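Trainee: Each chain, written out:
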Amino acid sequence: AQKITQTQPGMFVQEKEAVTLDCTYDTSDPSYGLFWYKQPSSGEMIFLIYQGSYDQQNATEGRYSLNFQKARKSANLVISASQLGDSAMYFCAMRDTNAGKSTFGDGTTLTVKP
Amino acid sequence: NAGVMQNPRHLVRRRGQEARLRCSPMKGHSHVYWYRQLPEEGLKFMVYLQKENIIDESGMPKERFSAEFPKEGPSILRIQQVVRGDSAAYFCASSKSSPPRAGDTQYFGPGTRLTVL
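Chains A and B, in that order, give the protein sequences.
93 is the number of the first residue of the first sequence in our numbering; add one for each residue after it.
2 is the number of the first residue of the second sequence in our numbering; add one for each residue after it.
Please note: incorrect hints may appear among the correct ones.
Pairs of lysine-lysine residues, derived as DSBU-like cross-links and limited to a Cα-Cα distance of at most 35 Å, are as follows [unchecked claim]:
no., chain 1, residue 1, chain 2, residue 2
1, B, Lys-97, A, Lys-165
2, A, Lys-95, B, Lys-28
3, A, Lys-95, B, Lys-63
4, B, Lys-72, A, Lys-162
5, B, Lys-28, B, Lys-45
6, B, Lys-28, B, Lys-63
7, B, Lys-52, A, Lys-95
8, B, Lys-97, A, Lys-205
9, B, Lys-45, B, Lys-63
10, B, Lys-45, A, Lys-108
11, A, Lys-165, B, Lys-45
12, A, Lys-165, A, Lys-205
Pairwise CB distance ranges, derived in the manner of DEER restraints [claimed, not checked]:
no., chain 1, residue 1, chain 2, residue 2, range
13, A, Pro-101, B, Gly-86, 19 to 25 Å
14, B, Glu-69, A, Gln-149, 27 to 33 Å
15, A, Lys-95, B, Ile-55, 22 to 28 Å
According to the in silico footprint, chain B covers these stretches of chain A (three or more CB under 8 Å from chain B) [claimed, not checked]:
no., segment
16, 156 to 167
17, 192 to 206
Treat the hints as calculated values from the structure; they're not laboratory data.
Given the structure is predicted, the values throughout are model-derived calculations rather than measurements.
Using N, Cα and C, we set each Cβ at its ideal position, and we do this for glycine too.
The whole structure should be built from the sequences, with the hints applied where relevant.
Mentor: Below you can see the structure in the form of structure tokens.
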């Protein structure tokens with residue numbers, strides 16, 4: 093069975109600094125996808141970034157990058173140059189080759205301080 | 002290009018009533034997924050549907066809950082005889098590829114917040 097673990101219930105970061113949100117996963121499937129979503133206080137789920145298990149390079153999307161360490165089964169999200177609008181809940185998720193449901197972690201609440 | 006549409010955004014029901022939640026996937030997407038988010042928790046998978054077929058309902062409660070995705074029209078998540086524990090945000094997501102792949106992003110709708118009085 094798939095499992096996603098986010099060990100940081102809450103994180104604080106100063107505006108303009110970088111922050112890393114942790115995510116570890118467990119699966120027996122060799123082919124899988126890892127995703128990060130942002131959920132602001134308004135409640136919608138916003139897709140941020142995707143990493144495939146066979147991708148050789150870490151994914152990047154603007155200020156978001158994914159630090160993918162396959163051997164350690166970790167897929168940490170790095171947000172550079174934090175902005176006040178980055179304050180939100182962040183979820184790590186995984187899909188395997190069955191490619192149906194996604195399994196989500198419990199989330200990390202990020203607060204950016206001015 | 003419209004995203005995933007869900008309605009209503011907020012729904013209030015009294016115990017014992019029925020709740021119907023609707024989801025229209027993104028244009029060109031043929032796979033629909035429903036998730037439930039209890040307060041202060043992550044999203045939990047409920048059901049995965051393609052047009053006219055339930056593919057995976059392993060996360061659906063055995064009683065009172067049902068889902069459909071007809072050939073025409075939106076996907077419907079139906080909760081009969083609601084109880085207070087059903088109060089949650091219900092999210093619909095859609096994806097495109099057929100057959101679906103692990104890297105096929107699921108795009109989420111804005112959710113329906115169900116409150117059971």
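Trainee: So, for every hint listed, does it hold in this structure?
Mentor: Going through the hints against the structure:
{"no.": "1", "hint": "B:Lys-97 - A:Lys-165", "verdict": "holds, 27 Å"}
{"no.": "2", "hint": "A:Lys-95 - B:Lys-28", "verdict": "holds, 31 Å"}
{"no.": "3", "hint": "A:Lys-95 - B:Lys-63", "verdict": "holds, 23 Å"}
{"no.": "4", "hint": "B:Lys-72 - A:Lys-162", "verdict": "violated, 41 Å"}
{"no.": "5", "hint": "B:Lys-28 - B:Lys-45", "verdict": "holds, 25 Å"}
{"no.": "6", "hint": "B:Lys-28 - B:Lys-63", "verdict": "holds, 31 Å"}
{"no.": "7", "hint": "B:Lys-52 - A:Lys-95", "verdict": "holds, 28 Å"}
{"no.": "8", "hint": "B:Lys-97 - A:Lys-205", "verdict": "violated, 38 Å"}
{"no.": "9", "hint": "B:Lys-45 - B:Lys-63", "verdict": "holds, 15 Å"}
{"no.": "10", "hint": "B:Lys-45 - A:Lys-108", "verdict": "holds, 33 Å"}
{"no.": "11", "hint": "A:Lys-165 - B:Lys-45", "verdict": "holds, 21 Å"}
{"no.": "12", "hint": "A:Lys-165 - A:Lys-205", "verdict": "holds, 30 Å"}
{"no.": "13", "hint": "A:Pro-101 - B:Gly-86: 19 to 25 Å", "verdict": "holds, 23 Å"}
{"no.": "14", "hint": "B:Glu-69 - A:Gln-149: 27 to 33 Å", "verdict": "violated, 41 Å"}
{"no.": "15", "hint": "A:Lys-95 - B:Ile-55: 22 to 28 Å", "verdict": "holds, 25 Å"}
{"no.": "16", "hint": "156 to 167", "verdict": "violated (count 0)"}
{"no.": "17", "hint": "192 to 206", "verdict": "holds (count 8)"}
Hint compliance for this structure: hints 4, 8, 14 and 16 are broken, all remaining hints hold.
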